[in-house]
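Undergrad: Read off the chains here:
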Amino acid sequence: MTARPEREQEVLDRIESFRRRKASLREERVTMAHGAGGKATQTLIQAVFLEAFRNPLLEPLEDQAVFALNGSRLACTTDSFVVSPLFFPGGDVGDLAVNGTVNDLAVAGARPLYLTAGFILEEGFATADLERIAGSMARAAAEAGVQIVTGDTKVVQRGKADGCFINTSGIGVIESGIRLGATRVKPGDAILVSGPIGDHGITIMLARGELDLVSDIRSDTAPLHGLVDSLLGATGEVRCMRDATRGGVATILNEIAAAAGVSMVVDENAVPVRAEVRGACEILGIDPLYVACEGRMVVFVAGDSAGEALRALQSHPLGRGAAVIGSVREDPPGLVLLKTQFGGTRIVDMLVGDPLPRIC
Amino acid sequence: MRFVDEFRDRKIARDLGAEIARLARPGRQYKFMEVCGGHTHTIYKHGIEDYLPQNVTLVHGPGCPVCVIPMGRIDDAMFIARQPGVTLTCFGDMMRVPGGSGSFLDASAGGADVRMVYSPLDALRVAQRNPDRHVVFMAIGFETTAPSTALTLLRAAADNASNFSVFCNHVTIVPAIKAILDSPDLRLDGFLGPGHVSTVIGCRPYQFIAQEFARPVVVAGFEPLDVLDSVRLLLKQLEEGRCEVENQYTRVVPWDGNAKAIEVIRRTMELRPHFEWRGLGFISQSALRLREEFARFDAERIFRLPGVRVADPKACQCGEVLKGVLKPWECKVFGTACTPETPIGTCMVSSEGACAAYYNFGRFSRERMQEVVR
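Sequences listed follow chains A and W, in order.
For the first sequence, position 171 (counting from the first letter as 1) is numbered 171 according to the working numbering, and the numbering increases by one without interruption.
So the number in the working numbering is just where the residue sits in the second sequence, counting from 1, plus 1000.
Keep in mind that the hints were calculated from the coordinates and are not lab data.
One thing to keep in mind: the hints can contain errors.
Said to hold, decoys possible - Derived contacts from chain A toward chain W, CB cut-off under 8 Å, selection only:
{"#": "1", "residue": "L12"}
{"#": "2", "residue": "R14"}
{"#": "3", "residue": "I15"}
{"#": "4", "residue": "V30"}
{"#": "5", "residue": "A33"}
{"#": "6", "residue": "E143"}
{"#": "7", "residue": "V265"}
{"#": "8", "residue": "R278"}
{"#": "9", "residue": "P332"}
{"#": "10", "residue": "T340"}
{"#": "11", "residue": "R346"}
{"#": "12", "residue": "R358"}
All residues carry an ideal CB built from backbone N, CA and C; glycine is no exception.
Hey, can you work out the whole structure from these sequences and the hints?
TA: Structure, rendered in structure tokens:
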């Protein structure tokens, strides 16, 4: 590599030292960017919540905590659902709330057991809609083999919430011998996704009706525990799994590259994206890699088990569209690179906030 | 996908890359500016620079419409947004651009009603659906977006809308290019002309670049093959000793532009004597304001705007970076006063701006990236 001028290196070193500083929250108020799952969300979590609650179980900032209790290993997670609109093609806030928490348990290798459900309802919300949401929660729970065993209900004045917000927490048990986590990812591992990405996010954007785009695309919301079972049954070499929700596949790759101190190379041609999703993304100027899914996971397996893992995923109805999308490398730590469809190279960074439609 | 994949074909890209390498004389450095932010995005998104030889570099120009809005104008818009009963509407990528006291996202967090729209007509629709609110559209962009603002004004006038106005920040491309060309230490060998702007204004307005400043211009499309092909056409002109305006984007850009679009702009807007550009300072006759006949839709006349100019710090050298005179790290405030979190100039505001890209990824050279991918 060509050497850099001394002053340029000084400037780069100064930036590096800024980068290593402790996260600090600059904003006086919470903005929408803090909820988008990107850099702003990370800063908020690290500067406020991790600072206040710091403990060894929380510190890895995984989507769930894993701990031992009387000889069993348990996984515990929580998630809140504030989607608008509440009903959309392929699902509603109810099955989303069950599947989201089931998936956070499943990707830790846990068998989901029990869920809690908390409801924050806005004054004036139609009881028929609430019954419909509860019905789809019940169906989703039955499909995932979990029971909703306790709950809470609050009603707030009109305007203080948007119809119906749901929080679910869940607990699951991890069979002995299963060891998963971001820090287990190593150079040489293969990166897989379990199906076409971005369906949920684009469905929601279109369902809001602001774009005047019509498509028959549906949310991919689904419980992943069955798919995880098939995968873990087929190979013992799975390092880590994540469900690619808010922030999409790109955010997960960045989080894991940073946690494991590795780099990743992804082949854009290998990433499965439905034509409808690609079309909407082209029109809006956003990148499907950052669009949310609700029933897709990113899987890291040892390189020589990639074939086995892929076959296991593809043999399950929810993994038919699975693909190997890239591989883990050693250097430079934390960097995610994309080989573009066009044949170029680009860095895939974390977004600061939401992907915003571009004017040009 | 049809109408997309045809313009991203690797084989054609390799052929164009080879032709570019053949045309670029060894030992000579070529710097071409892509004027438009849309091109910068394409170049970045597809990794187009991987097809260019070492001695051909692309310099990112001033054509990102959200990045050139000066901080004072954003503060004015925030002032409007904070007025009781007012809803401010804007394009998505405007939401995060910081003014002197935060961005629209911050204004929204502070209780202002700021909404993202996809077209000025949507903003008018918001006004019609919310008769108890005054809806202001933050109009930005070059001649590309000005016609849709103009049509919206005509529609608002026809509908006799009483709760809708436009905060006009439309700018024009030619004076900005001229400001860059006027620099005594200009280091550019040619321009990729802005494709979408040219659908409106056509190709003629760039002729002064070829005639007075002896730099070739190729009006370029936005798919990656368009950009490579346009670089090839620029090199070919230089090789053949020609210097003219060429149109690569013929499938979209008519040589004479769109007379109807220009007419609606002319009917509703007029040139301002001068306008401030973030990082470039004041440029005369470089922006549009509403005509007197549309005063009742003009947010600048309806609201008593503070109009406080937030000066770019003197040390900001965006202009020099834009002209290709300085590299980002050579700017005095780079990485200290000016960072992606607290951007001063246009090059740092957009994540694709030269300075932001260098701040985030400068530690990885292109060679290093290619090594990793191999």
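Undergrad: Taking the hints in turn, state whether each one holds.
TA: For each hint, the structure was consulted:
1. L12: 5 Å, holds
2. R14: 6 Å, holds
3. I15: 5 Å, holds
4. V30: 6 Å, holds
5. A33: 6 Å, holds
6. E143: 33 Å, violated
7. V265: Since chain W brings a Cβ to about 5 Å from V265 (chain A), closer than 8 Å, the hint holds.
8. R278: Hint on R278 (chain A): holds, closest Cβ of chain W at ~6 Å, below 8 Å.
9. P332: Status holds, d = 6 Å.
10. T340: 5 Å, holds
11. R346: Since the shortest Cβ distance to chain W is 5 Å, the answer is holds.
12. R358: Because about 5 Å separates R358 (chain A) from the closest Cβ in chain W, which is inside the 8 Å limit, the hint holds.
Violated hints amount to a single one, hint 6; each of the other numbered hints is respected by the structure.
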